[in-house]
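Work out the full structure: start from the sequences and follow the hints.
Number of protein chains: 2
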Amino acid sequence: MEPKMTIKEIAELAGVSKSTVSRYLNQGYVSAEKAEQVRRVIEETGYQTNFFAKRLKMKYSKLVGIVLPRMDSVAVGKLLTGIHRVFRTNGYQGLLMVSNLSIEKELENILSLQQQGVDGIIIDSVGITQQHIELQASLDVPTIFTGQRHPQVRYIKFDDYAAGRMMGSYLKETQHKHVVFVGVNESDTAVGIERKKGFMDAFLENNEGAKADFIEAGFDFFSAYNCAVRVLQFQPTAVVGATDNICLGLLRYFHEQKIRVPEECSVAGFGGYDVGAVVYPALTTVSFDYELVGMKTAQGMLTLIRGEAFSSDASLPLFFVERESVRRMGEAVAQKKPAKFIGM
Amino acid sequence: MEPKMTIKEIAELAGVSKSTVSRYLNQGYVSAEKAEQVRRVIEETGYQTNFFAKRLKMKYSKLVGIVLPRMDSVAVGKLLTGIHRVFRTNGYQGLLMVSNLSIEKELENILSLQQQGVDGIIIDSVGITQQHIELQASLDVPTIFTGQRHPQVRYIKFDDYAAGRMMGSYLKETQHKHVVFVGVNESDTAVGIERKKGFMDAFLENNEGAKADFIEAGFDFFSAYNCAVRVLQFQPTAVVGATDNICLGLLRYFHEQKIRVPEECSVAGFGGYDVGAVVYPALTTVSFDYELVGMKTAQGMLTLIRGEAFSSDASLPLFFVERESVRRMGEAVAQKKPAKFIGM
DNA sequence: CTGTTAGCGCATTCAG
DNA sequence: CTGAATGCGCTAACAG
Numbered sequence: 001m002e003p004k005m006t007i008k009e010i011a012e013l014a015g016v017s018k019s020t021v022s023r024y025l026n027q028g029y030v031s032a033e034k035a036e037q038v039r040r041v042i043e044e045t046g047y048q049t050n051f052f053a054k055r056l057k058m059k060y061s062k063l064v065g066i067v068l069p070r071m072d073s074v075a076v077g078k079l080l081t082g083i084h085r086v087f088r089t090n091g092y093q094g095l096l097m098v099s100n101l102s103i104e105k106e107l108e109n110i111l112s113l114q115q116q117g118v119d120g121i122i123i124d125s126v127g128i129t130q131q132h133i134e135l136q137a138s139l140d141v142p143t144i145f146t147g148q149r150h151p152q153v154r155y156i157k158f159d160d161y162a163a164g165r166m167m168g169s170y171l172k173e174t175q176h177k178h179v180v181f182v183g184v185n186e187s188d189t190a191v192g193i194e195r196k197k198g199f200m201d202a203f204l205e206n207n208e209g210a211k212a213d214f215i216e217a218g219f220d221f222f223s224a225y226n227c228a229v230r231v232l233q234f235q236p237t238a239v240v241g242a243t244d245n246i247c248l249g250l251l252r253y254f255h256e257q258k259i260r261v262p263e264e265c266s267v268a269g270f271g272g273y274d275v276g277a278v279v280y281p282a283l284t285t286v287s288f289d290y291e292l293v294g295m296k297t298a299q300g301m302l303t304l305i306r307g308e309a310f311s312s313d314a315s316l317p318l319f320f321v322e323r324e325s326v327r328r329m330g331e332a333v334a335q336k337k338p339a340k341f342i343g344m
Numbered sequence: 001m002e003p004k005m006t007i008k009e010i011a012e013l014a015g016v017s018k019s020t021v022s023r024y025l026n027q028g029y030v031s032a033e034k035a036e037q038v039r040r041v042i043e044e045t046g047y048q049t050n051f052f053a054k055r056l057k058m059k060y061s062k063l064v065g066i067v068l069p070r071m072d073s074v075a076v077g078k079l080l081t082g083i084h085r086v087f088r089t090n091g092y093q094g095l096l097m098v099s100n101l102s103i104e105k106e107l108e109n110i111l112s113l114q115q116q117g118v119d120g121i122i123i124d125s126v127g128i129t130q131q132h133i134e135l136q137a138s139l140d141v142p143t144i145f146t147g148q149r150h151p152q153v154r155y156i157k158f159d160d161y162a163a164g165r166m167m168g169s170y171l172k173e174t175q176h177k178h179v180v181f182v183g184v185n186e187s188d189t190a191v192g193i194e195r196k197k198g199f200m201d202a203f204l205e206n207n208e209g210a211k212a213d214f215i216e217a218g219f220d221f222f223s224a225y226n227c228a229v230r231v232l233q234f235q236p237t238a239v240v241g242a243t244d245n246i247c248l249g250l251l252r253y254f255h256e257q258k259i260r261v262p263e264e265c266s267v268a269g270f271g272g273y274d275v276g277a278v279v280y281p282a283l284t285t286v287s288f289d290y291e292l293v294g295m296k297t298a299q300g301m302l303t304l305i306r307g308e309a310f311s312s313d314a315s316l317p318l319f320f321v322e323r324e325s326v327r328r329m330g331e332a333v334a335q336k337k338p339a340k341f342i343g344m
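Residue numbers (the numbering used here), protein chains in the order written: chain A, 1 to 344; chain B, 1 to 344.
Treat the hints loosely; a few may be bogus.
Copies of the same chain look alike in the list, so a pair counts if it works inside one copy or between any two.
Derived DSS-like pairs (lysine-lysine); straight-line CA-CA distance at most 30 Å [to be verified]: (1) Lys18 / Lys57; (2) Lys62 / Lys78; (3) Lys4 / Lys105; (4) Lys78 / Lys296; (5) Lys172 / Lys8; (6) Lys4 / Lys211.
Rather than coming from a laboratory, the hints here were simulated on the basis of the structure.
Written out as structure tokens, the structure is:
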């Protein structure tokens with residue numbers, strides 16, 4: 001293991017030529033006899049082919065760059081889990097870069113990745129700008145965006161509009177008439193625009209007397225908590241947060257104000273994080289399978305690398321998870337549900 | 001950007017030799033005049049030095065492997081954030097491998113990383129086995145473990161024993177006399193043994209009439225939720241979970257059973273996850289700064305790579321976060337705290 | 001300060 | 001089927 005064997009030394013020890021060893025390692029145009037000799041020597045020495053030398057010769061690197069807005073988020077974690085799952089079975093590996101929500105750094109990371117010789121780049125962006133498009137077009141490695149979409153790039157994501165609609169329909173069906181949607185900034189097209197629009201469209205259509213207000217918050221608990229006063233001023237029967245985290249912040253405020261959920265005000269979100277199942281009331285939500293996105297994206301990348309056709313997809317399946325935090329307005333409020341922890 | 005410039009072509013275009021270009025790119029033994037010519041050509045062509053060729057020549061790769069038990073955990077996310085923070089300012093990058101909590105895969109990943117020519121390996125293990133030690137000793141790249149420790153390896157971690165003691169002292173001070181500790185399996189030395197022992201030691205010493213029972217759970221909400229019945233059978237005045245997640249599962253069960261926290265039973269944990277601040281009652285906990293561990297570990301790795309001395313550290317600072325979930329047994333229970341969301 | 005020369009370790013023609 | 005020879009793109013002596 002120590003003095004770093006090279007193919008040349010293996011060849012000498014096995015009494016063959018370098019090329020024979022190389023062939024043994026790759027295609028395999030080698031006689032059984034010599035193959036055996038080589039095999040033995042390799043096993044004994046623990047020889048490992050030099051990664052960089054190999055990559056220098058070959059055109060590919062078996063590395064694909066992944067640029068992330070941040071690392072400490074469950075969604076990102078699951079996404080990566082999915083990506084890794086398919087990559088590992090194909091001998092690929094992800095090279096991560098974090099951009100801390102900075103567009104500038106994101107662009108910089110993409111460039112840096114390309115320079116490292118990755119075979120492709122996956123970008124989990126929080127917003128696709130014109131600069132992204134230009135940069136991406138100038139690159140000579142395939143790229144796939146995830147989480148956001150844009151007509152000029154390849155992408156794999158959920159249908160945020162449909163997710164919004166699911167929630168809108170549900171609140172209509174449960175006969176809520178006045179809800180406030182706590183959303184995020186529109187720079188995030190998927191969450192800030194599509195998801196919200198889906199909700200509004202479905203909730204408002206053919207829903208006489210229905211009304212929906214809007215308040216903008218950030219992605220974190222605290223920001224949501226802080227805008228809770230304002231949502232209460234609308235006196236809604238239900239509030240839906242653009243993410244589960246927003247709901248948790250809201251829930252906390254309601255608890256402090258002794259506003260009972262869902263009796264006095266319903267709450268629902270998007271995301272389907274595990275923790276939504278364990279808080280009380282358990283959060284009704286539209287659940288996203290982030291791991292699936294990761295897998296699909298990785299598969300798409302493999303396709304692209306092989307030079308095959310790829311088609312963007314913004315319709316990955318969504319799951320509506322009905323739990324305890326939304327009241328059915330028609331029914332009596334007294335009969336509480338059994339309140340069993342339903343797992344995740 | 002397209003036909004992949006090489007140093008040779010740059011040299012020709014600039015009217016100098018390859019080595020001059022190389023020097024320009026590295027150390028800098030170049031006249032201002034020629035430097036300028038080279039600079040211009042590089043800028044025009046968008047030339048980027050070939051990563052693999054460079055790594056083949058040089059001894060280092062500027063890549064350090066990171067093997068993780070899993071990706072979708074906040075703690076891991078923060079750890080990575082910390083690692084990346086120091087690496088990025090030093091031109092290093094992390095190459096991630098996930099072992100899905102399998103020891104076998106973990107070993108395999110370490111080997112694979114070494115083969116890729118990384119300059120070092122950081123291992124966030126959930127348990128150091130004899131195999132880890134042997135493998136690690138046979139490697140020719142430096143390794144640092146994090147999260148766990150062992151006399152025969154380098155490590156950077158919190159002092160789990162001290163964390164346990166903090167909590168033990170606190171519960172003693174708040175005059176609890178009977179608590180049950182919901183811990184995890186002892187294969188996780190840090191959490192399963194040290195943290196628990198610290199708690200027991202501090203809680204029990206010089207604490208007349210005090211009693212502490214133990215129950216083993218897994219790391220997830222559900223497992224904790226499921227063992228809640230058994231902890232209740234002990235009729236404790238407080239229960240401490242080895243992790244905040246365990247507490248959340250417990251809290252859910254207590255809520256379902258209408259057991260008021262902390263009035264009827266106190267709950268406290270370890271971890272300091274953000275979500276602990278937003279649930280109700282907000283969770284009293286010993287907080288770990290995972291990002292700091294990441295930074296320290298990365299710095300240690302850089303030290304090692306430079307060939308300088310490194311010393312393991314298992315005493316990273318801990319923070320006790322007193323929130324709402326533990327009752328001070330001496331005091332009246334009626335006077336509820338203001339219950340303000342204290343942020344994270 | 002600069003150009004020339006030699007490999008780094010490997011895969012791959014090309015003759016045998 | 002196999003060995004000898006070539007070069008991937010780059011850095012590092014080595015002489016100028």
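Next on the checklist: I want to check one pair: Lys78 and Lys296. Are their C-alpha atoms no more than 30 Å apart within a copy, between two copies, both, or neither?
Outcome noted: Both, since 13 Å and 26 Å are each at most 30 Å.
Next on the checklist: Treating 30 Å as the Cα threshold, decide for Lys172 and Lys8: within, between, both or neither.
Outcome noted: neither (73 Å within a copy, 68 Å between copies)
Item to check | Homo-oligomer pair classification [Lys105, Lys4; C-alpha up to 30 Å] | outcome: For Lys4 and Lys105, the Cα distance is within 30 Å only across copies (24 Å; inside one copy 37 Å).
Next on the checklist: As a check of your reading, is Lys62 near Lys78 (CA-CA no more than 30 Å) within one copy, between copies, both or neither?
Outcome noted: both (22 Å within a copy, 27 Å between copies)
Checklist entry - Is it within, between, both or neither when you check Lys4 against Lys211 at 30 Å Cα-Cα? => result neither (71 Å within a copy, 58 Å between copies)
Next on the checklist: For Lys18 and Lys57, with the copy left unspecified, which applies at a CA distance of at most 30 Å: within, between, both, or neither?
Outcome noted: both (15 Å within a copy, 20 Å between copies)
Comparing the model with each numbered hint stated earlier shows that hints 5, 6 do not hold.
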